[in-house]
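Fit chain X to the given chain Y structure using the hints.
As you go down the protein sequences, you meet chains Y and X in turn. Under numbering that gives the first Met the number 0, think of the first position of the first sequence as 0, with each following residue one higher. Under numbering that gives the first Met the number 0, think of the first position of the second sequence as 0, with each following residue one higher.
Note that these hints are calculated values from the structure, not bench results. Here the structure is a predicted model, which is why all the values come from computation and not from measurement. No residue lacks a Cβ here, since even glycine has one placed at the ideal position from N, Cα and C. Misleading hints may appear alongside valid ones.
Calculated lysine-lysine pairs in the DSSO-like style (CA-CA distance at most 30 Å, straight line) [said to hold, decoys possible]:
| id | chain 1 | residue 1 | chain 2 | residue 2 |
| --- | --- | --- | --- | --- |
| 1 | Y | Lys-96 | Y | Lys-395 |
| 2 | Y | Lys-395 | Y | Lys-425 |
| 3 | X | Lys-92 | Y | Lys-96 |
| 4 | Y | Lys-395 | X | Lys-92 |
The following residues of chain Y were derived to be distant from chain X, with all beta-carbon distances above 10 Å [as the list claims (entries may be wrong)]:
| id | residue |
| --- | --- |
| 5 | Val-32 |
| 6 | Gly-145 |
| 7 | Lys-337 |
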Amino acid sequence: MDLHLRRGRVIDPANELDEPADVVIRDGRIDRVGRDLATPSGAVVVDCDGMVVAPGLVDIHVHFRDPGFEYKEDIPSGLAAAAAGGFTTVCGMPNTKPVNDQRTVTDRMLARAREAGLARYLPIGAVTKKLEGKELAEIGELHEAGCVAISDDGMPVWDASVLRRALEYARGFDLPLIQHAEDPTLSQGTCMHEGPAATRAGLPGQPHACEDGMIARDLEIVALTGGRYHVAHLSTAGAVRLVRDAKARGLPVTAEVTPHHLHLTDAACCGYDTSTRVNPPLREQSDVDAVRAALADGTIDAIATDHAPHSSIEKDVEFAYASPGLIGLETSVGLILKLVEEGVLDLPTAIARMTLGPARCLSLDVGTLSVGAPADVTVVDPTDAWKVDANAFRSKSRNCPFQGWELPGRAVLTVFEGRVVHDLRKLTT
Amino acid sequence: MSVAGETRAFGLRHLLGMEGVAREDIVTILDLADAMAQISERPIKKVPTLRGKTVITLFAEPSTRTRASFELAGKRLSAEVINLSASTSSFQKGESLLDTARNLEAMRPDILILRHSAAGAPHFLADRLGCAILNAGDGWHAHPSQALLDCATIRKHKGSLDGLEVAICGDIRHSRVARCNVIALQTLGAKVRCAGPRTMMPVGMEEQYGVTVHDRIEAAVEGADVVMMLRLQLERQRGALFPNAREYARFYGLNPARAALAKPDAIIMHPGPMNRGLEIDPAVADGERSVILEQVTYGVAVRMALLCLFAGVRPEVG
Numbered sequence: 000m001d002l003h004l005r006r007g008r009v010i011d012p013a014n015e016l017d018e019p020a021d022v023v024i025r026d027g028r029i030d031r032v033g034r035d036l037a038t039p040s041g042a043v044v045v046d047c048d049g050m051v052v053a054p055g056l057v058d059i060h061v062h063f064r065d066p067g068f069e070y071k072e073d074i075p076s077g078l079a080a081a082a083a084g085g086f087t088t089v090c091g092m093p094n095t096k097p098v099n100d101q102r103t104v105t106d107r108m109l110a111r112a113r114e115a116g117l118a119r120y121l122p123i124g125a126v127t128k129k130l131e132g133k134e135l136a137e138i139g140e141l142h143e144a145g146c147v148a149i150s151d152d153g154m155p156v157w158d159a160s161v162l163r164r165a166l167e168y169a170r171g172f173d174l175p176l177i178q179h180a181e182d183p184t185l186s187q188g189t190c191m192h193e194g195p196a197a198t199r200a201g202l203p204g205q206p207h208a209c210e211d212g213m214i215a216r217d218l219e220i221v222a223l224t225g226g227r228y229h230v231a232h233l234s235t236a237g238a239v240r241l242v243r244d245a246k247a248r249g250l251p252v253t254a255e256v257t258p259h260h261l262h263l264t265d266a267a268c269c270g271y272d273t274s275t276r277v278n279p280p281l282r283e284q285s286d287v288d289a290v291r292a293a294l295a296d297g298t299i300d301a302i303a304t305d306h307a308p309h310s311s312i313e314k315d316v317e318f319a320y321a322s323p324g325l326i327g328l329e330t331s332v333g334l335i336l337k338l339v340e341e342g343v344l345d346l347p348t349a350i351a352r353m354t355l356g357p358a359r360c361l362s363l364d365v366g367t368l369s370v371g372a373p374a375d376v377t378v379v380d381p382t383d384a385w386k387v388d389a390n391a392f393r394s395k396s397r398n399c400p401f402q403g404w405e406l407p408g409r410a411v412l413t414v415f416e417g418r419v420v421h422d423l424r425k426l427t428t
Numbered sequence: 000m001s002v003a004g005e006t007r008a009f010g011l012r013h014l015l016g017m018e019g020v021a022r023e024d025i026v027t028i029l030d031l032a033d034a035m036a037q038i039s040e041r042p043i044k045k046v047p048t049l050r051g052k053t054v055i056t057l058f059a060e061p062s063t064r065t066r067a068s069f070e071l072a073g074k075r076l077s078a079e080v081i082n083l084s085a086s087t088s089s090f091q092k093g094e095s096l097l098d099t100a101r102n103l104e105a106m107r108p109d110i111l112i113l114r115h116s117a118a119g120a121p122h123f124l125a126d127r128l129g130c131a132i133l134n135a136g137d138g139w140h141a142h143p144s145q146a147l148l149d150c151a152t153i154r155k156h157k158g159s160l161d162g163l164e165v166a167i168c169g170d171i172r173h174s175r176v177a178r179c180n181v182i183a184l185q186t187l188g189a190k191v192r193c194a195g196p197r198t199m200m201p202v203g204m205e206e207q208y209g210v211t212v213h214d215r216i217e218a219a220v221e222g223a224d225v226v227m228m229l230r231l232q233l234e235r236q237r238g239a240l241f242p243n244a245r246e247y248a249r250f251y252g253l254n255p256a257r258a259a260l261a262k263p264d265a266i267i268m269h270p271g272p273m274n275r276g277l278e279i280d281p282a283v284a285d286g287e288r289s290v291i292l293e294q295v296t297y298g299v300a301v302r303m304a305l306l307c308l309f310a311g312v313r314p315e316v317g
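Isolated chain X (complex conformation):
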């Protein structure tokens, strides 16, 4: 793999969400991710593509998968990766996000990856800092690298997203994954159905995104090519949105009977972390049609692609 220099007209300076991201840019990312995926299958999982580049991850909210995935992506590309979290950063001492970020920027990173509980936090920094900002999850708003890795996984299994029926089920109100996927999937030509209890369905989904909304998940799962289950975001919920776990699992969990309503070749996805036995039955999560761990594998590849593109380095993959 050799470095081909600066990117062509890759249209993005920051990755804040999937709103307004052009189909060509998504395809560029996914194509590069397919190539990057090979690197992780080699005995020596490292290339020099981002040697001399600095990546900082700033996680003001807990994360296992996303953070490990970005860190590994950077390391496999030979970037310098520094990880900061809320518990080890100056947030603990009461420093504002803007001050923390300005100080980090003063150390001249190429990319700052931010996870934050407040929607819009990455936009706030993007307006004020010079380095590229990658949103690794902001409140309920967006989680674009997750949407991209989901699209990459679907594309690998289905060849194309054009015309696919995708069901997204569960706690949509609190889900940045759902919002981001709705946009990315439709940009790539898929049709989206959303389902969940009304207490977890944000208002105006139909008019805002042109999806169909269902009160029960059976209607959404029936005949779907892809079923994406969402984690019940218990930590974000306020007040009684459902009676109890038992009732939720009974009426809104993806059990084998409900999963059987989807097309025979449908794939089952979940962004993790799973609440086993709540939104997804272990028999489905671990079943033949589940691609949940493939999503994680693709996550590293997609994030490698993102780091290259946002560091302004376009590797020739050979």
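Next up, chain Y with everything else stripped away, as it sits in the complex:
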């Protein structure tokens, strides 16, 4: 379907554009961007007055549980959740069963995603076989099959020599390594952050040093190897300081933060709601303040949801026994608009951190409205206030700590490769 998105506020950070304009989509590509454009014959006109027209959003950290745990999520349901949340590109972590540590798994993931056709699914390959942290996976072949990065996410690459070899080897394919920075000897047996809230709740906690110490060590190995290093779900003030210093040193380092680490503190765990059990754990207010500031000033490049679905089997249990993780694709835009509303960052910066920023972390050729680019477009209504109800989500899972929150806006229209994949208000029909 050809579309004429008329008179929206077009924000395209890649082209440093933020102005009232039209976007015309023809044959699955961005055809023109400009003022008062003519409607091509046969195109559907969408009045975008009061709305933001942005490049399709990019989430470089999701878990779609496919293959292996399809009862929690599968690639079609995950992509449906992505489309509903305004995302046109998502990068899937390899901790599936079997692990995505060989191209047959990558091929299957890509085939499933193509069949669903709701968003672009870019797999992330394992760093080590079976995520065991010992032997390198077939990184070259994973790259050839379509993996855009390597990670053992869920597990850290803990052995310093394995990390060194992975960073060195991945240079041959220009692949970034995404590190889940957690010192397992400090986190063993814990289920939240170690602070006054954990003391009150009587739950074992992991300290800041669990994340900070790992990143500090890793950065020296990055300096040694020159390999590209991306910090997944950065959550502490100390990690912000380390990444800021590393960037100042000129190291090839990037970082992401999740919407939940931008909004919630460890106090949320005190009611034993298992949807607040997540790795890294929800931290303290000083950490939330630090990651917010770092997101605004660009120390943190990207917002990534770490969408981690779990069913009631894993979550309707005692807090300490619950699997860590929460779902984020369908609340991300609303939560980031809330940050804009609170004055943490401006809207163009927020859009940049959900498009250009994440695309650059993994060198993805997406996240722009450049003429000729695939027509991935998200229309956001920043004033469409709504109340979160996880039961209405496209995701198969319900582990959402934001249930009942009032959010200021959301994605109302998502276009993927020129096709309408989400149309909340039936704007195109």
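This is chain X only, laid out in the frame that chain Y set:
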């Protein structure tokens, strides 16, 4: 003793911890416990107060004292008491806590008493079940009936808790008894000092609870009205929190010399089970100032009071 019917405004539906429990509610429990204590001193230790009420104890963690105490409390009040433990329940067959509890609830108990190794397990059930939940110990979090029986014991000896200096010493990190007592004691007006090796001291005790924290126990015991020693929770500890038993006893055990630092009329408490010779010297545990067995006796009375109040029955004590 006659039944006066439903309670007045007793503020609690479940007993999950001591957080947010009002002073008046604690006093109601302690007053009733004082009356209940008399029943256990009679030749015939049984009253019909809870006839027709059903109490289930579900212990997913080992216990001697607490479980026997709740069971006796129920029996002395003529309630039907059923005891389930991890080894005899369907946990062994892999049934989830929620499913087990829902099945028990389907048999219509009035009160479910839960002990569980996971903090928050009773809160999890309280959000989902209709019967009253009494927390008999959840992980490191809370053990409210223990805190209440400790308060009852102190009150009996000291008359009031207002202004008392209470030292809580030992493995505070892993202690639900300590967390619960800190809150209950302060609600009743006592001042709390905590002491132990830093490896066993949870972060933020001062800001969280307004207690004072000491690295060595001498500073906490000095001039105290009450000294509460905690059991070294060897089964909950992970990794090397102290070098060995000998060194722990030497630097952190309550021996007669250290106990002498407390006020002359100070009482010595321990929630049990004791590691004799480790956190407490036998001469202190069995000494004149020890009230450790009185705590156990008061435990039954406090739990009788709790069962009455949470079954919605308010006996007139006469």
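For this session: Enumerate the violated hints, using their earlier numbering and listing them in ascending order.
Result: none
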